[in-house]
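With the hints as constraints, model all of the structure from the sequences given.
Residues per chain, in single letters:
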Amino acid sequence: MEELKQKIEDVTNLDTLESVRVEIFGKKGILSAEFAKLKDVPPAEKKDFAKGLNDKKSALTEIFEAKKAELEKEAMNKQLESEKIDVTMYGYENKKGSLHPVMETMDKIIDYFATLNFSVETGPLVEDDFTNFEALNLPKNHPAREMQDTFFFKDGHLLRTHTSPVQIRTMLKQKPPIRMIAPGTVFRRDYDLTHTPMFHQVEGLVVGKKGEVSFANLKFILEDFLHYMFGDVDVRFRPSFFPFTEPSTEVDISCIFCEGEGCRVCSHTGWLEVLGSGVVDPNVFKAVGYEDVSGYAFGLGVERFAMLLHKIPDLRSLFEGDIRLLEQFR
Amino acid sequence: MIVTRSWLQEYIDLSDIDNDTLYKTFNSIGLEVDSFVEHKIPAKVVVGEILECEKHPDADKLNVCQVNTGSETVQIVCGAKNVVDAKYVAVATVGSVLPGDFKIKKAKLRGQESFGMICSSTELGLPELEDGIMILDDSIGELVVGKELNEYEKFADTVIELELTANRGDCQSVHGVARDLCAAFKKEIKSFDYEPKSKSIIGIAKQLNVSAKCEFPGLLDYSIATIEELNSTFLERLRLAFVDAKKDTVIDDKLAYATHESGVVLRAYDYDKLRNGEDSLVHLNIEKSSDYVVEVKSGDTTLSIIGVEQNDEFKADDSSKIVLLEASYIDPDFVVEGVSSNKLKSDDLYYIASRGSEPDVTYGLKLLQKRFDEASSVEFSSSWVSIGEPLKRRKIALNVDELLAVIGQDISKSEVASILTSLGFEMDRVDDNSYRVSVPLHCHDIKNIQDIAEEVMRIYGIDNIESKPMVLKEKNRINSTYLAFKAKRDIRQRASSASFYEAVTYTFASRELLTKYGFEVLYESLELLNPIVNELNTMRTTLLVNLLEAASRNVKYGKKSIALFELGTVFNSKREESQRAAFIYSGLESRASVVNFAKAKKIDFATFVEKLGSVIGEFKLESCEAENGLMHPFVSASIIKDGVKIGFVSKLHPEVAKDFDLDDTFIAEIDLEPIMPKHINAKPLSNFQAVTKDLSILVDSNLSFYEVSKALNGIKEEEALLKDFYPLDIYSDEKLGDKKSLTVRFDIQSDLATLSDEEIESVMSKILSTLEAEVGATIR
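Top line first, the protein sequences correspond to chains A and X.
Counted the way the working numbering counts, the first sequence spans residues -14 to 315.
Counted the way the working numbering counts, the second sequence spans residues 7 to 786.
Any given hint could be a false lead.
Claimed, not checked - Under the rule of at most 30 Å between Cα atoms (straight-line distance), these lysine-lysine pairs were calculated in the DSS-like manner:
1) 158(A) <-> 492(X)
2) 580(X) <-> 125(A)
3) 205(X) <-> 327(X)
4) 494(X) <-> 296(A)
5) 69(A) <-> 605(X)
6) 522(X) <-> 580(X)
7) 158(A) <-> 580(X)
These are computed hints drawn from the structure, not numbers from a lab.
So, in structure tokens, the structure goes:
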């Protein structure tokens, strides 16, 4: 018995253990031979003999299972160790591309207003004079209508200079109440360090019954929107002038670079201008045939938002497909 | 518009208002502050009196001056030519420190001792006034020798540049800005009146006859000045320099000063040039030369177009002895229409007139008389000539509740009335809630209740208006446009996951480049009229040329692997817009690294197509002819989705790759609409095991797989057990001659039961017989 125990204990690998198992527990193994002796044992002793043999078998089985577990574990450890690689060499070959920061900023803006139940509307890039200018109360001699600011086509059409014509198209198509934004591409004839002939705007318009929509409502939503975009900034409204709104205001946020202390980006004023807005001018409603309504409108430049949010220094780099810039946004 | 604090002070008492408050108030009433410069004159720079001035014995260009600086008389050597004319000057005494950390010390110049410096304006950090040193006079206040110049508030002034929006014609003058500030600070504006020092006994009627030959929406005032001596004061020169309006002659300085202060358009004519020989009476006619153009004429000669420009020939200058002074006003809408419809050229004063100059022309002319009297000797005509019908104030019916609804704030009626009164509106009460409001003449753009709301709001203060959320009672506004934006975002996300960077390029293109590469271009008659540069002279009809240019730039930046995509608008020759997606992959698909055992891998057709698939979903390729110059004739395909051609994929033609300095490059351009995610209905799932079977056939070596797939799709439609198939392998060698061996793998599965061998066999034999019949395949 002790000898068999020792035999199992001495095994050092799973193959040997298997042959030891056959030798001890197999059909023709040592234990089978012992059990075969049972038939020759006198009946009175049979019970004790069998019991002794069974005890012996279970003791051996226990030792065997323990050994087996030990050896299996050892083998697994060996296998694991043999699979070892230098994992720190990997992870340098990321092939993900990225979304353009201007488009992502636009998405973020759309998300905000869509959540507040603004519809998203679009319109064509090639517009006519009525929709782009006249309906928006831009007087005939307004400087914006001159050749130096607007791209014209030979047939008198033009590239829209703002997303505001989408307001007009939507109002002509739908009945109030209206609550919409119009994100999109716009064009101005300007090309220098801080201007590109194409850029993006998001326009907003809310129209309700007369007396229903006020400047105070506009102030509320723009303050909330700017906090959503820029976090904990101060928001300032300044009276200003746009032909299609009256009263008109420009909206500033406290400079996010210097926190209002004054720096180069904010021209040492502590403020950054980010939005134009106002109460819709009655002449605009007249142009689309709306009566007894009130409304507000606002517009913003997406490039400016993207540049401020991500501290992108160069406007023109946004239109160059420059991977050195884009790969930072993976 | 640039103003200075001390200049404003002439119309509004600012003594209890500090610069910070002033700055904030300007912004809050809609006069945005562009810049705010507080000029500080360094300590120990004082008023000095030159007692003697002699040529330097050893230097032609230097003078040696004895200067009283209050506590003592010191010798100062000065290099400025005009020091010989000077009496009172600015002296930087020894120990003072000028801007730029310039310390004034005792010095010796060519052997002569010098105790200090006589200063020019720029040496004190002020704008340039004149050539040489500043010659002071008492226009800045009583000159006390030895008094520090920083104590003169007109000298150490605060200069404020305001950005005026187009509707604020009323603030194009110091007086106008002060008027607006008075409303904001609830102060009275200081009134102005002036009587000339010396008036001629002869009435103006003996010298001037003006007759209006037409009606026009404007006013003219004339006065005549006989000049013995005309000098500008130091303050005139200093302020004009502060506000960037300094002119070259004394008379132009005086006109500019009076215009800047009053906002009235002021001109001066040389009276002697207007006289016809010895005739002492000058006849002027006011005539319309066309619908919106009113001219001041002498006979057939145009002297000026009101509000637009003046004939140089008759302009008064510093040599003029008798000067005809003119103050004019013309309705801004009228003059703008006249200039633009007649394409008239115009001068600086037109800018003021076009935005609404000050209509009180009498005030302007009186102010000009005052300027002519300063430091000069002038005699004025005893009376005036005034032309034009008095202007009428616009009347607006104002319902206060309606006005407050625009603002959304409960402001008391008395406060509304008080704000409007302070801005010069006249309020006639109709009932508890309404007024008949008459608009001041200088507010030419206030035409309706919302315009008035703006006036109330800016003076009440936007900061004082409480933000209020709008109550929503409406259906949801999720529309197809919004869903399309979401879908596009999905596509963009997938593209970026498939290693493409999103590019945004101009919707413009170069017509030459589009033509060169065989793309359509806009019909000539629909083309851009005024492109900004030649390279962007048309609207793009493909996204790819722009992406190739972007890729090329990236090569210059040293990028070896360039994958870009863009979703954007393109046009056809009829200039109709559509949306497309374009993809470009150039150079390395993966760079050499430990991942690929240091062997870089270039992008190839198979990999590019696989990446496309992970962006746009399932599609098939059909071989095609090159449809533009970018495409490789033998490595290009139409992209077919749901049986419809939606775009193409191709290797970039090697010649084009050379044009753009690119390595192996693959391109694809696809209509956006068909790849937008679609609604999907799920099919029932089979619970029985699928069987995979491979079949190798021999076909003509130039037969495309697309033909094989068409035949197989036919079977798929009839045979429910055939679930899918795809090419597994292709093989050709000399023995096969003009045939190739094609192995296709089939997935066979039943939705109803486990397949029997017979059933599988039957499907496979159907496949084989179809291929034999339709593409001439034989079993290998």
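Structure-based check of each hint:
The straight-line distance between the Cα atoms of residue 158(A) and residue 492(X) is roughly 23 Å, inside the 30 Å bound, and the hint therefore holds. Note on residue 580(X) and residue 125(A): the hinted pairing holds, with a Cα-Cα distance of about 28 Å set against a maximum of 30 Å. A threshold of 30 Å between alpha carbons decides the hint, and for residue 205(X) with residue 327(X) the separation of about 16 Å falls inside it, so the pair holds. With a C-alpha separation of about 26 Å, the suggested pair residue 494(X) and residue 296(A) falls inside the 30 Å cut-off, and the hint holds.
Restraint check for residue 69(A) and residue 605(X): the C-alpha separation of about 23 Å stays at or below 30 Å, so the hint holds. Under the criterion of a C-alpha separation no larger than 30 Å, the hint pairing residue 522(X) with residue 580(X) is consistent with the structure, at around 19 Å. With a C-alpha separation of about 25 Å, the suggested pairing of residue 158(A) with residue 580(X) holds against the 30 Å cut-off.
Every hint, counting from the list given before, is met by this structure.
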